[in-house]
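**Student:** The task is simple: from the sequences and hints, build the whole structure.
Number of protein chains: 4
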Amino acid sequence: MNTFGRKFRVSLFGESHGACVGACVDGCPAGTPLQPSDFTLDLQRRQSGARGTTARAERDVPELLSGVFEGKATGAPIAILFRNENTRSGDYAELLSHPRPGHADFVAAHKFGGHADYRGGGHFSGRLTLALVAAGVIAKKLLGSATVTSTILEIGGAKYGAHSAALEEAIAGGDSLGGLLECVVGNMPVGWGEPFFDSVESLVSHIVFAIPGVRGVAFGSGFAAAQQKGSEHNDPIVSPCGKTKTNHAGGVNGGISNGNDLVFRVAVKPTASISAPQQTFDFGKDRVGELRIRGRHDACIALRAPVVVEAATAIALADLMLLQAR
Amino acid sequence: MNTFGRKFRVSLFGESHGACVGACVDGCPAGTPLQPSDFTLDLQRRQSGARGTTARAERDVPELLSGVFEGKATGAPIAILFRNENTRSGDYAELLSHPRPGHADFVAAHKFGGHADYRGGGHFSGRLTLALVAAGVIAKKLLGSATVTSTILEIGGAKYGAHSAALEEAIAGGDSLGGLLECVVGNMPVGWGEPFFDSVESLVSHIVFAIPGVRGVAFGSGFAAAQQKGSEHNDPIVSPCGKTKTNHAGGVNGGISNGNDLVFRVAVKPTASISAPQQTFDFGKDRVGELRIRGRHDACIALRAPVVVEAATAIALADLMLLQAR
Amino acid sequence: MNTFGRKFRVSLFGESHGACVGACVDGCPAGTPLQPSDFTLDLQRRQSGARGTTARAERDVPELLSGVFEGKATGAPIAILFRNENTRSGDYAELLSHPRPGHADFVAAHKFGGHADYRGGGHFSGRLTLALVAAGVIAKKLLGSATVTSTILEIGGAKYGAHSAALEEAIAGGDSLGGLLECVVGNMPVGWGEPFFDSVESLVSHIVFAIPGVRGVAFGSGFAAAQQKGSEHNDPIVSPCGKTKTNHAGGVNGGISNGNDLVFRVAVKPTASISAPQQTFDFGKDRVGELRIRGRHDACIALRAPVVVEAATAIALADLMLLQAR
Amino acid sequence: MNTFGRKFRVSLFGESHGACVGACVDGCPAGTPLQPSDFTLDLQRRQSGARGTTARAERDVPELLSGVFEGKATGAPIAILFRNENTRSGDYAELLSHPRPGHADFVAAHKFGGHADYRGGGHFSGRLTLALVAAGVIAKKLLGSATVTSTILEIGGAKYGAHSAALEEAIAGGDSLGGLLECVVGNMPVGWGEPFFDSVESLVSHIVFAIPGVRGVAFGSGFAAAQQKGSEHNDPIVSPCGKTKTNHAGGVNGGISNGNDLVFRVAVKPTASISAPQQTFDFGKDRVGELRIRGRHDACIALRAPVVVEAATAIALADLMLLQAR
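Here the protein sequences come in this chain order: A, B, C and D.
Under the numbering used here, read the first sequence as residues 1 to 326, first letter to last.
Under the numbering used here, read the second sequence as residues 1 to 326, first letter to last.
Under the numbering used here, read the third sequence as residues 1 to 326, first letter to last.
Under the numbering used here, read the fourth sequence as residues 1 to 326, first letter to last.
Bear in mind the hints are in silico, worked out from the structure with no lab data behind them.
Keep in mind that a hint or two might mislead.
In this list, chains with the same sequence are indistinguishable; a pair is considered to hold if it fits within one copy or across any two.
[Said to hold, decoys possible] List of simulated lysine-lysine pairs, DSSO-like, C-alpha gap at most 27 Å:
id	residue 1	residue 2
1	K245	K285
2	K285	K243
3	K159	K72
**Tutor:** So this is what it looks like as structure tokens:
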């Protein structure tokens with residue numbers, strides 16, 4: 001459902017073209033310093049503005065509605081609201097009968113009996129990640145010296161930085177591109193993770209796969225581990241604090257952080273909304289027909305995803321950190 | 001922690017060299033037919049016996065301790081117990097001061113203040129998957145016509161079936177191999193999944209990453225999606241029931257099953273316990289030293305993993321199925 | 001924490017003298033009709049305005065921020081916000097060093113390290129019940145033909161309706177009164193309740209005891225049952241649908257509703273904030289001293305409690321109803 | 001369902017006349033000393049053996065199946081099993097068509113479609129409290145200096161100790177008696193409880209109402225609070241550590257423990273199974289008919305309830321204690 005976490009608990013709400021998106025964050029320890037300006041950097045990183053990202057301009061000003069008093073968390077739930085301002089709902093009406101390939105249009109209409117808010121993807125929109133990023137800002141503050149850093153490795157198969165040609169080609173063709181990200185958590189303490197079921201990988205993948213567009217999550221050597229020998233993959237411990245010579249495990253053994261960097265990669269699919277025509281089922285005409293998607297869309301959502309992956313990771317780790325406290 | 005699921009809820013307990021491993025399964029609908037022989041096939045698949053799997057011989061007879069009456073689930077929790085019989089705990093004492101690379105030895109000792117049962121990996125042992133497979137047998141019964149099938153694609157980078165040479169080489173060298181699996185759920189209904197946070201991918205990856213040795217989980221096109229264009233990746237809908245021409249999404253849009261096969265791949269690392277000598281920190285001697293692991297181990301745990309991945313998947317899906325019921 | 005429920009899930013946030021109070025309601029089935037006017041009656045009942053209730057005048061207009069589209073629930077979380085308008089925070093500053101007897105002032109300061117919002121009781125204020133009542137309005141819509149009705153039986157030990165003299169005396173003396181309520185759920189279906197731990201009584205008492213000021217909850221014969229014989233207390237079944245001749249059980253056997261009315265009583269303590277002087281510890285002066293509480297308070301919160309108890313009950317039952325669906 | 005708790009989590013399973021009853025306890029901190037003899041005293045207290053308690057003789061020997069190693073908790077789940085030995089299932093077959101008043105027979109058959117194990121009440125039997133008491137033994141060990149003590153105040157309306165005549169009369173008449181208990185937790189620290197929804201009263205009442213036969217739970221002054229004035233009910237703070245002059249609140253303000261004794265009363269109904277004939281619906285004959293219950297039953301379950309209430313309370317408090325740790 002729309003809540004994640006046991007002791008640090010994030011609930012999301014809102015729609016792309018409704019009144020707002022927001023988050024309710026419960027379990028933030030009292031005394032944590034918190035003010036609106038803390039959110040600025042990560043919210044800007046999410047907006048990006050880079051070539052290949054949406055033209056929808058939102059100010060994304062966080063309203064801290066509760067749980068903060070005199071610049072500090074009170075221990076009560078922190079409700080954060082972002083009013084939607086720049087909405088153009090007229091763009092979406094035809095998608096009711098002609099659902100977009102790769103989108104939640106069809107499943108949402110099915111699951112919710114035709115009552116889902118379809119405008120701009122409604123509750124399934126990437127705009128929900130705005131609230132996730134805001135909750136992540138709070139989570140990051142709880143992690144002590146642990147640092148969560150996510151970067152783009154590739155866009156459309158090209159190394160990040162050398163991806164301009166592929167991106168321009170996609171934009172020109174009304175197409176979109178996927179991307180590959182890496183997330184590294186430095187200064188991870190030993191001992192976070194609650195196996196059997198709530199391993200570090202379990203909670204991190206749970207929340208990262210909730211981010212729209214994520215297709216794969218892999219820790220350490222990831223899928224390459226399937227091709228390795230144990231003598232190659234095993235990470236010899238080289239110091240009493242648990243530091244290892246290599247980090248093929250990605251910082252986790254037996255579901256518990258081992259004191260090395262937590263490292264994982266995330267595959268982000270290309271944006272589903274492309275302006276190039278697509279042949280897909282038209283429920284209005286009861287046959288396959290051509291769909292041309294209008295509206296403003298990112299040519300590559302991966303470009304905006306690093307801070308979202310960071311937020312998701314920080315939320316999972318904040319919960320694990322509080323869970324392991326005795 | 002050691003419980004997974006909201007309406008179909010599985011709790012695991014036990015240790016590799018303790019009295020038993022077991023599961024407590026809550027939420028199985030009353031009337032579900034259930035008898036000990038239902039477990040035989042999947043338990044045998046987990047034992048495998050194939051070249052490259054452990055010599056530890058256990059009968060693995062399930063005791064159905066509760067929740068079953070006259071061959072049917074009663075609606076009360078189903079406790080299942082497997083007594084450990086073939087244990088050789090003497091093999092493990094030295095690992096206390098010389099933790100194995102790639103194992104939970106070090107983190108377990110750290111997290112649990114030296115009180116973890118270290119014998120045979122204790123609660124971190126792959127033997128816990130015995131209880132998971134048993135719970136999965138129950139879960140599979142709840143899925144109606146949906147079928148969960150997991151197969152091995154590769155062992156040590158070689159195509160499954162053509163992996164003998166690589167395996168023999170690893171065994172001869174006291175080494176181990178990883179493997180790549182695919183899991184396909186056929187006859188998936190439309191509408192399972194509870195986003196934002198409890199998407200199909202989120203719950204499936206959560207529980208699959210709880211399986212010891214899993215390094216990566218990727219749906220549909222997986223990591224290849226990061227290199228695709230939207231026009232390649234999008235799956236056009238071609239029928240009113242939601243069937244798509246391709247299945248790059250792996251059967252899920254917006255976190256909700258779309259009526260196509262659920263498809264994902266799982267990367268399994270090589271077994272950490274290898275008999276070849278390893279240089280790793282010896283806490284007894286306070287310096288890096290040579291470790292030679294004794295005991296009986298699988299040269300390739302991926303060979304035994306398909307039924308475990310099936311069980312995990314079935315458990316997550318049974319929960320999602322019950323959660324979406326109104 | 002600040003979330004209740006498994007499938008019908010209510011999260012509360014807000015403070016008495018902060019920006020707002022609100023609720024985030026997840027799990028409301030799509031298609032449930034919902035509009036702002038649905039809240040009017042119950043919100044007015046909570047305001048009461050009766051003699052003995054607070055002079056704080058709030059308009060209590062619900063903002064439906066999300067999860068509702070074209071007059072119906074969409075299946076996404078429903079966020080409801082009430083802006084605080086009539087706040088006088090200056091009344092409360094001295095309570096920091098001189099906590100009120102019977103209030104959360106002392107424990108909140110202790111638990112949250114001095115960071116709790118103390119103004120008007122902050123997150124501990126009875127004003128939070130505004131959000132609870134709003135969530136209850138939604139819950140009531142889900143219960144089908146089941147009706148939740150709470151009434152006042154006694155005020156200050158006097159029969160309701162004949163309590164004027166006691167109330168006037170309390171008001172004149174700067175004092176307050178407790179009260180006794182009864183809640184009856186008619187048309188209860190057989191089969192709600194998820195024992196062992198999630199019995200009807202368990203979930204109802206859990207949420208009713210979350211209402212500020214509740215001291216006791218008792219089902220059916222309640223505490224009188226302790227004085228009865230089995231031959232008196234047992235309710236003989238007199239019809240095949242489970243109707244019983246008497247209802248000493250209060251409509252529940254073995255934690256599961258039995259098809260008779262659910263009946264329970266709730267004891268509400270007298271309002272803690274009284275204007276009469278009280279001798280209590282003054283942390284500023286480090287000794288017991290006289291406290292005179294200013295501000296606007298209800299002389300009897302029980303007068304406003306029926307609709308709050310109804311809301312809490314409806315929320316618990318909505319969750320149980322959805323949990324028992326297969 | 002059959003699990004309680006978030007960080008200290010107890011799952012119950014088993015049936016009265018099945019193979020066993022048991023508990024799976026997750027979240028017990030590693031290093032907690034634990035051995036079979038720790039359970040002896042509380043298990044004996046539950047057996048009681050006093051006049052008015054059942055003649056069913058069980059040895060109730062706990063098997064510690066997992067999570068304990070070398071006399072200490074390992075941090076892994078602790079599974080505890082009690083084999084049933086003295087069962088006489090033949091006594092119960094007729095209850096299928098002639099459900100007992102005051103019992104779960106009717107609702108269990110309805111909810112579980114006729115598949116519930118009806119023998120001896122099955123999963124609804126008071127025998128499940130055996131597993132609860134065992135889990136409570138572990139919980140009590142976690143509470144530090146806090147002590148949980150439950151005593152009987154009244155039996156059948158007579159003061160405990162002076163109840164012999166009433167009890168003998170009930171036994172002679174094939175009848176049963178209810179009882180009134182008080183539970184006091186001494187040395188309660190300030191700050192346990194997680195309001196809004198997880199107040200101390202909420203969690204304690206949740207689990208206490210899960211005990212079969214409990215009709216009412218009331219804290220401090222309890223239902224008498226409804227008749228009090230604020231000037232009478234308020235507890236003035238008289239020391240800087242929060243000690244109060246009186247304890248009408250029962251040790252909790254705003255849902256959080258205030259450092260005084262936690263005090264509450266529990267009303268236990270008379271045993272439903274009485275041997276005196278009862279007129280109740282006979283589904284076999286489709287009309288009201290006389291039921292004569294055979295089998296061995298307690299004339300007064302309240303006599304055995306104190307240790308069960310203690311266990312339930314300790315479990316709730318252990319969870320709250322671990323939840324408040326940072």
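**Student:** Could you run down the list of hints and mark each one as holding or not?
**Tutor:** Status of each hint after checking the structure:
1. K245 with K285: Between. Shortest inter-copy distance 18 Å satisfies the 27 Å Cα cut-off; intra-copy 62 Å does not.
2. K285 with K243: between (62 Å within a copy, 17 Å between copies)
3. K159 with K72: Neither, since 42 Å and 47 Å both go past 27 Å.
Hint 3 alone, counting from the list given before, is not met by this structure.
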